[in-house]
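Line by line, the protein sequences are chains A and B. With UniProt numbering applied, the first sequence covers 1 to 203. With UniProt numbering applied, the second sequence covers 1 to 203.
Calculated from the structure, these hints are not laboratory results. Be a bit skeptical, because a hint or two may be false.
Simulated crosslink set (DSSO-like; lysine-lysine; CA at most 27 Å straight-line) [stated by the list, open to error]:
hint, chain 1, residue 1, chain 2, residue 2
1, B, Lys136, A, Lys127
2, A, Lys27, B, Lys136
3, A, Lys70, A, Lys27
4, A, Lys170, A, Lys127
5, B, Lys127, A, Lys27
6, B, Lys70, A, Lys27
7, B, Lys70, B, Lys27
Every value quoted in this text rests on a predicted model; they were computed, and no experiment measured them.
2 protein chains.
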Amino acid sequence: MSSLHVIPPALERLIRSFSQLPGIGSKTATRLALNILRRPPAEAREMAAALAELHSAIRLCSRCMTFSEKDPCLICSDPRRDGSLVCVVEQPADLMAIEKTDSYRGHYHVLHGVLSPIDGIGPDEIKVRELVSRIKTGAIDEVLIATSSTVPGEATASYLIDRLQQLPVKLSRLACGIPMGMDIKYADQYTLARAIESRSKLG
Amino acid sequence: MSSLHVIPPALERLIRSFSQLPGIGSKTATRLALNILRRPPAEAREMAAALAELHSAIRLCSRCMTFSEKDPCLICSDPRRDGSLVCVVEQPADLMAIEKTDSYRGHYHVLHGVLSPIDGIGPDEIKVRELVSRIKTGAIDEVLIATSSTVPGEATASYLIDRLQQLPVKLSRLACGIPMGMDIKYADQYTLARAIESRSKLG
C-alpha cells in the first residue's frame, strides 16, 4: 500500500483515532491531523491533556444523571431552580440545548439513550429506574417528557407515560408543531399533521 | 452565562480545544467531546497519546520537506523512485492525494503553503529556497508544478515558472480540464474554457 509510504506512523495513529468519531471519515481525520501538525505543539499538548483528564474529571450526577464534575451537579444543587419539575431528556446534549433557551428553570433527568429493542436497549439499559425512584421520593410534581420526536424518541416517551402514570405525578410532553420562522408550505406532512392535531385554542 | 452551569469545565476544555480545528464549530466540537465521553476511557487515552507524540515523532524530510518520521523520508530514500523528476505541491496532503493515484514514481517537494502577499507570505515563507538549491545540485531533470488551480495556487505556479526557468531544468504543470466522469454541461465555465484552450490533438 502506497499510503504506508506516505503517512508517517505517528500521524496515521492520530488519523485512526480521529476516524472513530461520529461523522469523521478518513479524509476529515487526515485533514484535522495534518492541521494539528502545522499548529504549535502546545495546542496538541493542550488537546491531549484535555482528553487525558476527561473521563477522570467527569462523572454522572447521582440525582439527574447528567455529566458533571460535582455531585450533585450545579443544576441539582442550585437553590433557585424548581426541583418539583423534572424534564426528561435523552442525552446531556439535549439538556444543554434546553438550557441555552434560558426559559426552563426546573431540574432534569438524563436517560442516556432511548429504547431500542433491536439494539438490545430496554428500560434497564437507560436511566429509567433512577427516574422512577426519584419520583417515588415524592418531591416531584411534574415530569416533562422531552425525548426527541423521532421514532425511538416517541417510543421511549410512550413507554415512560405508560410506566409513570401509575405514580402520583403529573406528566407533560414538549409541544410538537411548526418550527418558528418556517413557512408552512415547507413543513413536512407529519409535522403539519401534528401541528393541526395539537392546535391551540385562541380566545 | 447558563452554559457555565451546564458544561463541566473538563468537557468545556476539550470542546474549546476541538473548536480551534478547521471546519469544527462549537456544536460539532460539543458533539465530538460528548461522544468521546460516552466511549471507553481507553479510546480517549489513545487519542491523547497520539496527540502527545505527534510533534516529537514527526519532522520535515530535509530533502523534500514533507512530514516524515525518518530523514530522508521513505519516498526520497526509495531506490525504485525516479529522483530526476520532482513534483512540487502545496501541502503534504497534496502529496498523499497524488500517491493514492499510484501513477507517479518521482520525488516531491512540499512548499508548505502558497504565495499570499495579503497574509505576508512571500517566497521566503514557503520552501522555495530549498527547491532552488535542490535543482542547483543538478540531479533534477524535470520539475512538475502541481499547485492547485486556485488563484493563490496559480500565482505560486507563475512565480515558480518565472524563477525556475533560468535554471537548467524542464518545467511542467498538471493538466487542467474536465474532471473524469463529469458531464460537460455541469462543468463550470472557467474549467471548460481551460479544457478547450488546452485541448489535446488527436491523430
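Do the hints match the structure? See the list:
no., hint, result
1, Lys136(B) / Lys127(A), "70 Å, violated"
2, Lys27(A) / Lys136(B), "36 Å, violated"
3, Lys70(A) / Lys27(A), "38 Å, violated"
4, Lys170(A) / Lys127(A), "19 Å, holds"
5, Lys127(B) / Lys27(A), "25 Å, holds"
6, Lys70(B) / Lys27(A), "24 Å, holds"
7, Lys70(B) / Lys27(B), "38 Å, violated"
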